[in-house]
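Asks: The listed protein sequences derive, respectively, from chains A and B.
Using the numbering used here, you'd call the opening residue of the first sequence number 1 and step up by one each time.
Using the numbering used here, you'd call the opening residue of the second sequence number 1 and step up by one each time.
To be clear, the hints were calculated from the coordinates, so they are not data collected in a lab.
A virtual CB, placed ideally from N, CA and C, is assigned to each residue, including glycine.
Keep in mind that a hint or two might mislead.
Residues of chain A clear of chain B, computed beta-carbon distances all greater than 10 Å [as the list claims (entries may be wrong)]: (1) V124; (2) L160; (3) G169; (4) I173; (5) A192; (6) R198; (7) F206; (8) N208.
Across the chosen pairs, the derived CB separations fall in these ranges [what the hints assert, rightly or not]: (9) A28(A) x H83(B): 55 to 61 Å; (10) R216(B) x L210(A): 28 to 34 Å; (11) M1(B) x V112(A): 35 to 41 Å.
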Amino acid sequence: MTETRDEIIRKSTKEDSYWRGVWRRLRANRMAMISLVILILIVLSCIVVPMLSRYETYEVIPGAANQKPSAQNWLGTDKIGRDLFVRLFYGGRISLGVAVAVTALECVIGVVLGSVAGYFGGIVDTIVMRISEIFMCFPFLMICITLQTIFGKSIRTLILILAVLSWPGIARIVRGQILSLREMDYMEACRALGISNRRQIFTHLFPNVLAYVIVYATMSMASVILTETSLSFLGLGVSPPTPTWGNLIQEARNLTILQNKWWYWIPPGTMIFLSILCFNILGDGLRDAIDPKMQK
Amino acid sequence: MKNYTIRRLLQIIPVFLGILFILFFIIDKAPGSITSNIMDPNMTPELKAALQEKMDPNLPFYTKFINWVIEAAHGNFGYSYKHYRPVIEVIGMNIGCTFALALAALVIAMLVGIPAGIISATKQYSLIDNVLTVFSLLGLALPTFFAGLLLLKVFGIELQWVPIFGLSDPSKANADFLTRLGDHAYHLILPAIVLGLAETASFMRYTRSSMLEVIRSDYIRTARAKGLSEKVIIYKHAFRNAMIPIITLLGFRIPGLISGAVMTETIFSLPGVGKLSVDATTTRNYPLLLGINAMLTMATLLGTLVADLLYAAADPRIKYD
Numbered sequence: 001m002t003e004t005r006d007e008i009i010r011k012s013t014k015e016d017s018y019w020r021g022v023w024r025r026l027r028a029n030r031m032a033m034i035s036l037v038i039l040i041l042i043v044l045s046c047i048v049v050p051m052l053s054r055y056e057t058y059e060v061i062p063g064a065a066n067q068k069p070s071a072q073n074w075l076g077t078d079k080i081g082r083d084l085f086v087r088l089f090y091g092g093r094i095s096l097g098v099a100v101a102v103t104a105l106e107c108v109i110g111v112v113l114g115s116v117a118g119y120f121g122g123i124v125d126t127i128v129m130r131i132s133e134i135f136m137c138f139p140f141l142m143i144c145i146t147l148q149t150i151f152g153k154s155i156r157t158l159i160l161i162l163a164v165l166s167w168p169g170i171a172r173i174v175r176g177q178i179l180s181l182r183e184m185d186y187m188e189a190c191r192a193l194g195i196s197n198r199r200q201i202f203t204h205l206f207p208n209v210l211a212y213v214i215v216y217a218t219m220s221m222a223s224v225i226l227t228e229t230s231l232s233f234l235g236l237g238v239s240p241p242t243p244t245w246g247n248l249i250q251e252a253r254n255l256t257i258l259q260n261k262w263w264y265w266i267p268p269g270t271m272i273f274l275s276i277l278c279f280n281i282l283g284d285g286l287r288d289a290i291d292p293k294m295q296k
Numbered sequence: 001m002k003n004y005t006i007r008r009l010l011q012i013i014p015v016f017l018g019i020l021f022i023l024f025f026i027i028d029k030a031p032g033s034i035t036s037n038i039m040d041p042n043m044t045p046e047l048k049a050a051l052q053e054k055m056d057p058n059l060p061f062y063t064k065f066i067n068w069v070i071e072a073a074h075g076n077f078g079y080s081y082k083h084y085r086p087v088i089e090v091i092g093m094n095i096g097c098t099f100a101l102a103l104a105a106l107v108i109a110m111l112v113g114i115p116a117g118i119i120s121a122t123k124q125y126s127l128i129d130n131v132l133t134v135f136s137l138l139g140l141a142l143p144t145f146f147a148g149l150l151l152l153k154v155f156g157i158e159l160q161w162v163p164i165f166g167l168s169d170p171s172k173a174n175a176d177f178l179t180r181l182g183d184h185a186y187h188l189i190l191p192a193i194v195l196g197l198a199e200t201a202s203f204m205r206y207t208r209s210s211m212l213e214v215i216r217s218d219y220i221r222t223a224r225a226k227g228l229s230e231k232v233i234i235y236k237h238a239f240r241n242a243m244i245p246i247i248t249l250l251g252f253r254i255p256g257l258i259s260g261a262v263m264t265e266t267i268f269s270l271p272g273v274g275k276l277s278v279d280a281t282t283t284r285n286y287p288l289l290l291g292i293n294a295m296l297t298m299a300t301l302l303g304t305l306v307a308d309l310l311y312a313a314a315d316p317r318i319k320y321d
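Start from the sequences, fold in the hints, and give me the full structure.
Replies: Shown next, in the form of structure tokens:
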């Protein structure tokens, strides 16, 4: 009798564990699941296509400049004869790679500063929040442009600039969460037990903040893709010949290409649009799944 | 309220100076001195030194910064050597276009986005709500440059309904004021729609969620119980309270509008501040870049301030002391 009851409790806690619940609610959200599948497909094809393609990313095919889409070159070739199909997916690697790197870096900076500000409060909090205000009021695109001009257009600088300019968003969310969490009884117990500050932050506070960080990171992927492609479109992001989705669509600033050669700009535009759309929907879905109270 | 206004105004000053300091520091460390762009290789070394002394004297960084701030406070942002004019004049010549573009986009966004959000909220989960929600999702995900290219292709190149670049038709340069104004408006239609697209989507989203929240509140139930008509309930009772968060949205949209304007002006070759700044980076015109950034930062800060103050003024429940 006792055993069965224990078993029932064990079973139900296992089934109702927090992340299991999140996954169950997310799976019920059809739009979010479709987005997730599309995103996985995009990522996989960006990894696989350049490996399997018979053309290299930078390879100039002799005598095949300005070709229309054909059986050999599925999306045609550009003005010097590079295969646009393989460049589209290789560009995806760079664009998505930049987005992942920026999001990761921004979350690390933001979570650390946000937790420190929220946990210690007082003067530390004031300083961190003032700095974050300064960063939030930067005319974002302008600063990117300025810094890119000055530090040169490498992928590494681009990642650093974007991450350094975007951390306040997540820092403020984390700080707010921690401010409310630290007033809770279990944190009181931690302090009473004399657990070290670092352990309190990373073992007891951070797991409770993680859900919000994941939602934020998903949304951030969308906005970083948008920023990177916008900068590349202006010719101020990653410099050619490295393809990114923004660099590829940038060709359409040329009127003849816009007029007659859809295969230059429609495919990268669609990829940018699709991935931003899917990250947004997935982020919404995750938020609803993580916080059922917020559900529409 | 008065104290709050004053305190918020005072808070802006350190933030603004902080941003200016970082900007100035970055630009000071930038490769290529201000003078290297205007120096002729045939100049004598004495002339070069004199010019260097005049344009970019060898002073410590903080002295230069303080001098710049004092000069800027008097309206002197330096000299744009590409245009042979003071920075402030160059910005002044270009800001009208950007302002008109941003304003038109904002008006479109409010005229379309807010009613759509209200309809969507009052008919939650209906077919029209779903359609509008899908549209707002698509609108938010469509990057400005892709939307611009697509509309340019369809309405400018294929259908030829609107001009594809510039702000005015050269043949109408000597026409009377009204004709020129109409010409500008004609050139700005498509750019304003492009810039307004994302704004419309976000206005719709915010209006919808704000309306939904208000509709569920007790006083709306009371209004229904009194037997008021649905129209009066929605547009008189609910709308007023639902608008409060939307007012703040107006102030916070300024940075988004600015970066959107940069893209739109580049695509449609409009002579605005956005295009000016892109050109300034490619020509390394640092005084101009600094001036534009200072101005846009101020606009962003004031936008946030105005949003906060409007919020406090519109909602008497919020007390600031």
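Asks: Does each hint hold? Answer for all of them.
Replies: Okay, the hints, checked on the actual structure:
1. Listed as outside the interface, V124(A) is consistent with that label: its C-beta sits roughly 17 Å from the nearest C-beta of chain B, beyond the 10 Å cut-off.
2. Distance check for L160(A) against chain B: the nearest CB is about 13 Å away, which clears 10 Å, and the non-interface claim stands.
3. Once the 10 Å rule is applied to beta carbons, G169(A) is consistent with being away from chain B; the minimum gap is 13 Å.
4. Interface exclusion of I173(A) from chain B stands, the closest Cβ pair being 16 Å apart, more than 10 Å.
5. At roughly 35 Å, the least C-beta separation between A192(A) and chain B is larger than 10 Å, which holds for a residue marked as non-interface.
6. With a closest Cβ-Cβ approach of about 30 Å to chain B, R198(A) is found to remain outside the 10 Å limit, as its non-interface label requires.
7. Chain B leaves F206(A) outside its interface by the beta-carbon criterion, the shortest separation being 29 Å against a cut-off of 10 Å.
8. With a cut of 10 Å on Cβ distances, N208(A) stays outside the contact zone with chain B, its closest approach being about 25 Å.
9. Restraint check, A28(A) to H83(B): a C-beta distance of roughly 59 Å satisfies the suggested window 55 to 61 Å.
10. Restraint check, R216(B) to L210(A): a C-beta distance of roughly 30 Å satisfies the suggested window 28 to 34 Å.
11. Under the hint 35 to 41 Å, the C-beta atoms of M1(B) and V112(A), about 37 Å apart, fit the expected range.
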